[in-house]
Amino acid sequence: MVAGLAGIAPGRTKGPRNAWYVVAFSDEIAEKPLARTILGDRVVMYRTSSGKPVVLADRCPHRAMALSQGKVVHGDRIQCPYHGMEYDPTGACVLVPSQVQIPRQMRTHSYPSAERWRWVWAWMGDAAAADESLIPDHRLFGLADDDGFHKVARFLMHINGNYQFLHENLLDVSHISFLHEGFLDSGLIAKTPPKTEVQGDRIIISRRVTEVVSGGYARVFGLEPGTRVERELRSEVWSPNLNVVTNYFSFPDDPARPAACRHSPFAVTPETDTSCHYFVASASNYGEAQQGDALAQTNKLIWDVFLTDKEAIESVQRSYLELGERTPDVSVKADEAAVRFRRVLEQQLLREAPAVPDSAGRLQVTVAG
Amino acid sequence: MVAGLAGIAPGRTKGPRNAWYVVAFSDEIAEKPLARTILGDRVVMYRTSSGKPVVLADRCPHRAMALSQGKVVHGDRIQCPYHGMEYDPTGACVLVPSQVQIPRQMRTHSYPSAERWRWVWAWMGDAAAADESLIPDHRLFGLADDDGFHKVARFLMHINGNYQFLHENLLDVSHISFLHEGFLDSGLIAKTPPKTEVQGDRIIISRRVTEVVSGGYARVFGLEPGTRVERELRSEVWSPNLNVVTNYFSFPDDPARPAACRHSPFAVTPETDTSCHYFVASASNYGEAQQGDALAQTNKLIWDVFLTDKEAIESVQRSYLELGERTPDVSVKADEAAVRFRRVLEQQLLREAPAVPDSAGRLQVTVAG
Amino acid sequence: MVAGLAGIAPGRTKGPRNAWYVVAFSDEIAEKPLARTILGDRVVMYRTSSGKPVVLADRCPHRAMALSQGKVVHGDRIQCPYHGMEYDPTGACVLVPSQVQIPRQMRTHSYPSAERWRWVWAWMGDAAAADESLIPDHRLFGLADDDGFHKVARFLMHINGNYQFLHENLLDVSHISFLHEGFLDSGLIAKTPPKTEVQGDRIIISRRVTEVVSGGYARVFGLEPGTRVERELRSEVWSPNLNVVTNYFSFPDDPARPAACRHSPFAVTPETDTSCHYFVASASNYGEAQQGDALAQTNKLIWDVFLTDKEAIESVQRSYLELGERTPDVSVKADEAAVRFRRVLEQQLLREAPAVPDSAGRLQVTVAG
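Protein chains in written order, with the numbering used here: chain A, 1 to 369; chain B, 1001 to 1369; chain C, 2001 to 2369.
Keep in mind the hints are simulated off the structure, nothing from the lab.
No residue lacks a Cβ here, since even glycine has one placed at the ideal position from N, Cα and C.
Certain hints may be false.
To be verified - Derived lysine-lysine pairs resembling DSS-like cross-links, with alpha carbons at most 27 Å apart:
#1 Lys-1300/B - Lys-2071/C
#2 Lys-300/A - Lys-1071/B
#3 Lys-2310/C - Lys-71/A
#4 Lys-151/A - Lys-32/A
#5 Lys-71/A - Lys-52/A
#6 Lys-1310/B - Lys-1333/B
Stated by the list, open to error - Estimated spans, in silico, between C-beta atoms of each pair:
#7 Trp-2303/C - Ala-92/A: 31 to 39 Å
#8 Glu-1181/B - Ala-2294/C: 44 to 52 Å
#9 Gly-2200/C - Glu-1181/B: 48 to 56 Å
#10 Gly-324/A - Ala-1128/B: 22 to 30 Å
#11 Asp-131/A - Arg-2219/C: 53 to 61 Å
Let the hints inform the model, and build the full structure from the sequences given.
In structure tokens, the structure reads:
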């Protein structure tokens, strides 16, 4: 795949380090430590008693035990379960139970983190370059608190496939007429030529169709079966972490009815070189905010629809692991956005080559490529 | 093992490519696609509405998804589940839903296939060399439709061991007195010197014994316990895929009783370098054709007997994976046929070195050796 | 870890070959063959009809099947299940069923073995150097038959971690105040400076504390809750296989009460480079010898306490497998004994470099490092 694109490895493309990545839903982070692997780094996350999320390398510098198996003490420290060493949110050791002096090297990496738009973000590269203003402004996507949208943190799905494949899946919208037949369109999307725009590092693919919603499609979007809609479907990537799918519906048979909009931001966070986390959220400006069982049913419906994406991506990953550079990869016109995305990703990877070096205090795991 | 034999790798011997291999029982192939790995190649098999079996490389050339997760459409095409591309039995793409023009490279490999003797065969190498007359004539083995034999397609057993070990197991018949004690002989076979013949690429090992059948041995062969038999036991390899074990029984205490013959063709098909498919069939010219529960019970009995072969081969494979070239391998006289088989296999492998090159349209998986 | 220490590999340190290792509890070895992997070698163990334990390389020299899948015949031979070859306790083949002559190379390695102190020991290196007087004299640890101690072969725990980590765990006693909080001390051990002694290849770390036993701590040691004890806690390593933890309790509030002593010998036997067997025994000179349910309950209690060691070591091993030489390893004063142990182990490994060569008859498995 993608022969000639530097940094794009067949089925093993790494995530650029100098970037913000969603590492958790806000409500996942509490006092109890949570372990997760991000870009090959094992991290531990917890929330201090003052409410701030902390993201540390999940390894005690003393004997390398996972700190996530320990607990939070004194409100903001994490204690290693093995010998009781304690670390503060900066990663510095602040207690060695058996002695007064603390060795200077007794420190674990603290990843810059931020909590925005109901998500916790971490910066996986050079801390000096971490600039929170680089986090995409989710007011554009209906995820601010005062924007009149119903917000739902839907679910986290784990995929045994490289994150590049999931981004391409999201940009390569024609698959919904087949892989998700009956659930996300009336069958017209694959047949409708897309419009592809490039705005710097962002790529937007969009289509306009007029169709009648029914069955699973009507249930997924909360529209009445039989409704005729004029629909604009956009998929926009904010490489390397975010893709936002937006649906605008207007109702030609009922011109007085206000247009409906749903934004679905997807955070696509590399776990290892061959797996990723898929954080799925959405926000709607129409209908009622669902609660309880109704919400659980909708989430289950969407989960099941997305399971077929997981199956597809894992099948693709399996082919790439077997064949590597020899894996077939023939593109068609509908792949223009996906192919342009590869070039954007290549530029992002080249910008930080040679790779961010390991500093003494930096505990970086690199999964063999 | 087998130091000095080119192409024979300890525990990882590849199958020659330019050969017919049984890839399925006929009744396994229907409209629903079936995925299987053969010589390291992932293939998808299905039957067209006109009844012809099709064997394709199981990968869509567009984005490498497994075609076996799709479905058969229009009678003879397989549709990729991801974006709806359709392929005909030659492996050519005949539909891209989002555009009219079909890229020339949009093609998956179609393996020459044939349906013979209740088995589906595929040719895993150079298609130009695929000659159906090379498939061994199973009329010799009681598997034609008009030969007076009862035919049974018994079962498919998966073995985590190199196919060479299974062929050697079948040629190295003395093991039945120990590994299958009480089920396949009266204990005399190991003590009886074999006769070994070589006919070109074929090797036949045979023994003649006079013994009394009883217990499991009588049940396996459907003979009355206590019967004295003059028995000829032959094992004949048609390298690289087939071994046919034949038992001839005559009855010295009842000269009028017609001789009984059972042919048991075994197809030994490499899956990966370290695993194989064991297709087990048989045909008898005596007794009643079993049906229903009686047949199921006999199959279960034989399955259980053969499970010990699987255990033995997997134990051997484990040793080879650990020790490689350093694995002990001391042969005795009873191994003559197995050792000669290695030389035949070596010649077959040398004949196609350098290996069949990958052509553009050929999707060949090679499992690292 | 341990940069600059030859032979000490991060998370993959091999066991010295010229040494005795506990390979089984005495009561594990009977006529039925037992398979176990020791220092990467697959061995089969059985007991002859005259009561002697036999330890052989678990591979038939004929076709490499595991002898442990066979059975003991004629009192002292093991029979290969595949073709019936028989081997005596020296590893020599003494029967090939299909012929009279036995090939000279038909021999499997016989490991020198000894049965001492309710344990079976094997010498994994050069047989000529196997000297039983090198086995530590367990009369020092209360494991002789006439020493007035109650002896218990507690259990065998499998750990997916290098044996070096388990030795360091046992020497690095301060962890009991945290990892085993409430079960092995009152919390004072981590805060009490240790005394470290080196006697040749042996290292002893000891602490003296005055504390009150309660809860799990009282149950583990069979002392009455609320008792004030003067305690000496010693951990002594006999590299490369043994660690003996000894607790001496005296009772300042009841000077007439005899001092109580418990020895806990732990055999730490490498399985592969990344896993080990943890043989746990103990002997007490006080209280009643437990039997039946009471013993089972105590063993369960100790098993559960030791499971947290297993968790810790497996977490450490996981870090080392990921990071190798780059794994953090910052030592504190309480690690003096563990750090000295590494030097002793280094010397033992250097003493036998270049490695013991494979002789023709020696079936040595080396797990890739």
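Quick rundown of the hints versus the structure:
1. Lys-1300/B - Lys-2071/C: Holds, at about 25 Å.
2. Lys-300/A - Lys-1071/B: Satisfied, since the Cα-Cα distance of roughly 25 Å is no more than 27 Å.
3. Lys-2310/C - Lys-71/A: Roughly 18 Å separates the two Cα atoms, so the pair holds.
4. Lys-151/A - Lys-32/A: Distance of about 25 Å is within 27 Å: holds.
5. Lys-71/A - Lys-52/A: Roughly 16 Å between the alpha carbons, so the hint for Lys-71/A and Lys-52/A holds.
6. Lys-1310/B - Lys-1333/B: holds (24 Å)
7. Trp-2303/C - Ala-92/A: 31 to 39 Å: holds (37 Å)
8. Glu-1181/B - Ala-2294/C: 44 to 52 Å: holds (45 Å)
9. Gly-2200/C - Glu-1181/B: 48 to 56 Å: holds (54 Å)
10. Gly-324/A - Ala-1128/B: 22 to 30 Å: holds (27 Å)
11. Asp-131/A - Arg-2219/C: 53 to 61 Å: The hint (53 to 61 Å, Cβ to Cβ) holds, given that Asp-131/A and Arg-2219/C are roughly 56 Å apart.
Of the hints listed earlier, there is not a single one the structure fails to meet.
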